[in-house]
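Undergrad: Below, each chain spelled out in residue letters.
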Amino acid sequence: MDYKSSDGYAGPRSEDTLPASATAAVKVVIVGGFGVGKTTLVGSVSEIRPLTTEETMTQAGVGVDDLAGIEQKTETTVAMDFGRISINDQLVLYLFGTPGQQRFWFLWNGLFEGALGAVVLLDTRRMEVSYDVIGRLEERGVPFVVGVNAFPGAPRYPMSELRTAMDLDDSVPMVDCDARDRSSCRDTLMALMRYLYTLTTVPTEPQ
Amino acid sequence: MNEAAPGPASGPEPAGNPDRLYILNGGEGHAEAKKGLDLVTLIVSRTEPDPGLQPEHAAVVRMCDYPLSVAEVSAYLELPVSTLTPLLTELLTGGQVEARPPVPTAALPDVRLLEAVMHGLQKL
Numbered sequence: 001m002d003y004k005s006s007d008g009y010a011g012p013r014s015e016d017t018l019p020a021s022a023t024a025a026v027k028v029v030i031v032g033g034f035g036v037g038k039t040t041l042v043g044s045v046s047e048i049r050p051l052t053t054e055e056t057m058t059q060a061g062v063g064v065d066d067l068a069g070i071e072q073k074t075e076t077t078v079a080m081d082f083g084r085i086s087i088n089d090q091l092v093l094y095l096f097g098t099p100g101q102q103r104f105w106f107l108w109n110g111l112f113e114g115a116l117g118a119v120v121l122l123d124t125r126r127m128e129v130s131y132d133v134i135g136r137l138e139e140r141g142v143p144f145v146v147g148v149n150a151f152p153g154a155p156r157y158p159m160s161e162l163r164t165a166m167d168l169d170d171s172v173p174m175v176d177c178d179a180r181d182r183s184s185c186r187d188t189l190m191a192l193m194r195y196l197y198t199l200t201t202v203p204t205e206p207q
Numbered sequence: 001m002n003e004a005a006p007g008p009a010s011g012p013e014p015a016g017n018p019d020r021l022y023i024l025n026g027g028e029g030h031a032e033a034k035k036g037l038d039l040v041t042l043i044v045s046r047t048e049p050d051p052g053l054q055p056e057h058a059a060v061v062r063m064c065d066y067p068l069s070v071a072e073v074s075a076y077l078e079l080p081v082s083t084l085t086p087l088l089t090e091l092l093t094g095g096q097v098e099a100r101p102p103v104p105t106a107a108l109p110d111v112r113l114l115e116a117v118m119h120g121l122q123k124l
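For the protein sequence lines, the chains are D and G, in the order given.
Per full-length UniProt numbering, the first sequence runs over residues 1 to 207.
Per full-length UniProt numbering, the second sequence runs over residues 1 to 124.
Treat each hint with caution, since some may be false.
[Unchecked claim] Quick look at which bits of chain G chain D covers, simulated, 3 or more residues with Cβ under 8 Å:
| no. | segment |
| --- | --- |
| 1 | 50-63 |
| 2 | 85-98 |
| 3 | 110-124 |
[Unchecked claim] Covered, in the sense of this in silico footprint (three residues per stretch, anywhere, with C-beta under 8 Å from a C-beta of chain G), are these stretches of chain D:
| no. | segment |
| --- | --- |
| 4 | 12-21 |
| 5 | 182-193 |
Simulated from the structure, these hints should not be mistaken for lab results.
Using N, Cα and C, we set each Cβ at its ideal position, and we do this for glycine too.
From just these sequences and the hints, can you work out the full model?
TA: Structure (structure tokens):
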């Protein structure tokens, strides 16, 4: 567990520290609805126990029943679980899980800035969240792959049907992803990297 | 937007251009740092904790004796990133810590960077 020091705050366990040579980091975002397996995925591949960071945002309430004309403000706190993979002595990859529902999109600005790309974890029991997420990622120009996390008892569909239902471009990879399984999660991340590789190396078509 | 978007991904994969090494920490680092702290900016202490520092500040300096991302510092201090950022900015201004900005990825990441990540993932 974390140790508490004299200043009263925990810090990383000694085995959770990065080498002093760690020079820079990159990030990948895992997006999906509640309970779809984001944290499980992060935990399956992370070298540290997944940690939680919070972000708060004060939002003006949407003006319903606002008789006094006073802006209602609500403070939203959202927790994001994340994990870490040391790529080599210098480079570190962070994985952030973030909820896909529209009301959490305010988190996305800082999160996706500079991100390599995203994995959309698809919950076949609640497709509409993924549908919105995919649309939003396309708008933002964030490259992504879709991981289908098949839960026991969840309806199973052929990939082609899911692709059609998601209105997903043929070029976007879809992979099976068992969030509990380390190698399955690694393969999903590899699918994202290979996809990014093709995007980077395929010449841009004329506008 | 994704203008660089993909034609069919069918062609042979060209080898990465060896001249295009990704920038880990170059001259652009300072400009990047000015743009603000990212969740994955790495924070590293430059000094021992000063006894005069406030507890939170001292804790950051202590726990960043090895590099830690802003997200990790936030998690260990149990502070939201929005609360932590001004604190880190003070420590940066005071020179108690340094910031190592993330690898800049323009519209699309560099091939060499992707190769490094794929190589790292294969070891998992």
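Undergrad: Hint compliance check: list the failing hint numbers for this structure, sorted ascending.
TA: 2
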